[in-house]
Structures are given as C-alpha cells and as structure tokens.
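Chemist: Taken in order, these protein sequences are the chains called A and B.
Under our numbering, residues 332 to 463 are what the first sequence spells out, in order.
Under our numbering, residues 332 to 463 are what the second sequence spells out, in order.
Hints were generated in silico from the structure; no laboratory data involved.
Each hint should be verified, as a subset may be incorrect.
Heads up, the list lumps identical chains together, so a pair's fine if it works in one copy or across two of them.
[What the hints assert, rightly or not] No farther apart than 20 Å at their CA atoms in a straight line, the calculated lysine to aspartate or glutamate pairs in the EDC-like style are these:
#	residue 1	residue 2
1	Lys358	Asp343
2	Lys407	Glu436
3	Lys358	Asp429
4	Lys407	Glu372
5	Lys380	Asp343
Number of protein chains: 2
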Amino acid sequence: MSGRQNKITNSDAPFAYEGLARVIHEKARLGILASLATHREGLAFGDLKQLCALTDGNLNRHLQVLQEAGMVEIRKSTTDNRPQTWCQLTVLGRSRFDQYIEVLEQVVRDALHASQPEAAAAKGLQEGLSPA
Amino acid sequence: MSGRQNKITNSDAPFAYEGLARVIHEKARLGILASLATHREGLAFGDLKQLCALTDGNLNRHLQVLQEAGMVEIRKSTTDNRPQTWCQLTVLGRSRFDQYIEVLEQVVRDALHASQPEAAAAKGLQEGLSPA
C-alpha cells in the first residue's frame, strides 16, 4: 500500500461531502426535517405542509421515505371527530440530521473561505495536485 | 385577496428553501462547485475528479449540466502533446453559487436554533399554525 493510499479518504477527496446522506439532502426532505427539528413537540400534517410549501401528495411521499429510514414517527389520531396526522422527529432522526448539518456547515465554511483569494490554495491542493 | 395571501411566500413557508437550486444542490455538483470556488484559477479535470471522488463518467456528466447552465467554463488544450481539460467557474457560476450558499447558511442557522429548546417556537409558528 502506498503512502497515498494510507491517507484517509476524506483528506484525499475533501469535496466529496460523503456525509450528505441522500435521504436527508433531497430539498423537500431537508425542509421537512428542519421544520420538525425546530418543533420538537412535532407538527400536524397540515402545518408541516404549509411550512414547507408542499402538496399533500409530495409531503406524504417524502414522509414515507423518512419513516422507512426510521427518522420520523407518524401518529394518526382523532380530535373532535376530525382525523389528525402528527409528525415528529425520532431520536435517530435528530441524530442523523445533526450529523448532516455538520457536513453542511463544512460546505458553508469551504464556500466562505473561497471568497478570500488568499485561501484559494488552502484546501485540497496536495502533493501531485497542481493547478498548472 | 386576503391578508394571508398578501404575505410573501417565504414567510408563509420558511422551510421551503426555494433558493436551493436543483442544479447546484445535487451532491456531486455541490462538491464540484465548491472545489472550483476554492480554486479561482480553475482545476484540471483529473484534479477535480480526485478532489470530489468522482469517476470520469460522472464528472463529465455533471460538468455538462453545469456548462449548459452557464456556470462552468471548460477549455481543452494540449500541453507537451498531452490533452488537458481545464474547468473554471464563470462569473455567473460564482454568483449563483454564492446565492445558494446564503440559503445553506439559513438551513444551518435554523438547525442550530433547533438545538436550543427555547427556540422551538421561534420560527414559522404563525397565526393559524398551532402545535396543539
């Protein structure tokens, strides 16, 4: 094994952003998870739909993906004879969302560094990676 | 038109994150754009491929999408009889990437607020949006 291969993958490919899990990164699901993270007690389906500007069908579809991933819990109940669907982040959901946000913070840091010209060579240019 | 409809969409749906343009938000393209934003002078195809941990085929495919969107410029040249492909962010590409990053910062801020329990009701709970 060469010295290069001994390096950890992340330092070899600092812009691969492997932690941006697809189940979370999808734009609508990111909005759903951020809504639920901000409302710890959970949200009614209708409120979640409005906060994320989603249709019933789209919200249902994305909630199902998140439920299958164990990240969101969905409870159906009846209040005053009206059916209600209640959505809440699970402990796993919160933990995975927090991990995702850490990677997102890294993306933002990279981008902010990029606005400083002197930082152009600060990240990712390693041995054998030459801009010329 | 009701008072509700007079409000701007963003305040009605603070988690819609409409600024997360699909052409940029795709994980591999986000990595490509962050790489190029960090290397203002541009990057050779091979270096970009390594920084983002992409295959030739995938990098080619995503570069084409970014080129068609006017965000990336691709130049082919020959140095010492070896063909080289050079990739660089356009002015439009940098501007759109910066706008995207502003929305990403908002996502991170929302998530960080969400870790503070007292902030649970701080965003998005408007008239008619009740958690109970």
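Chemist: Any of the earlier hints contradicted here, and which numbers?
Modeler: Hint 2 is the one this structure does not satisfy, whereas the remaining hints hold.
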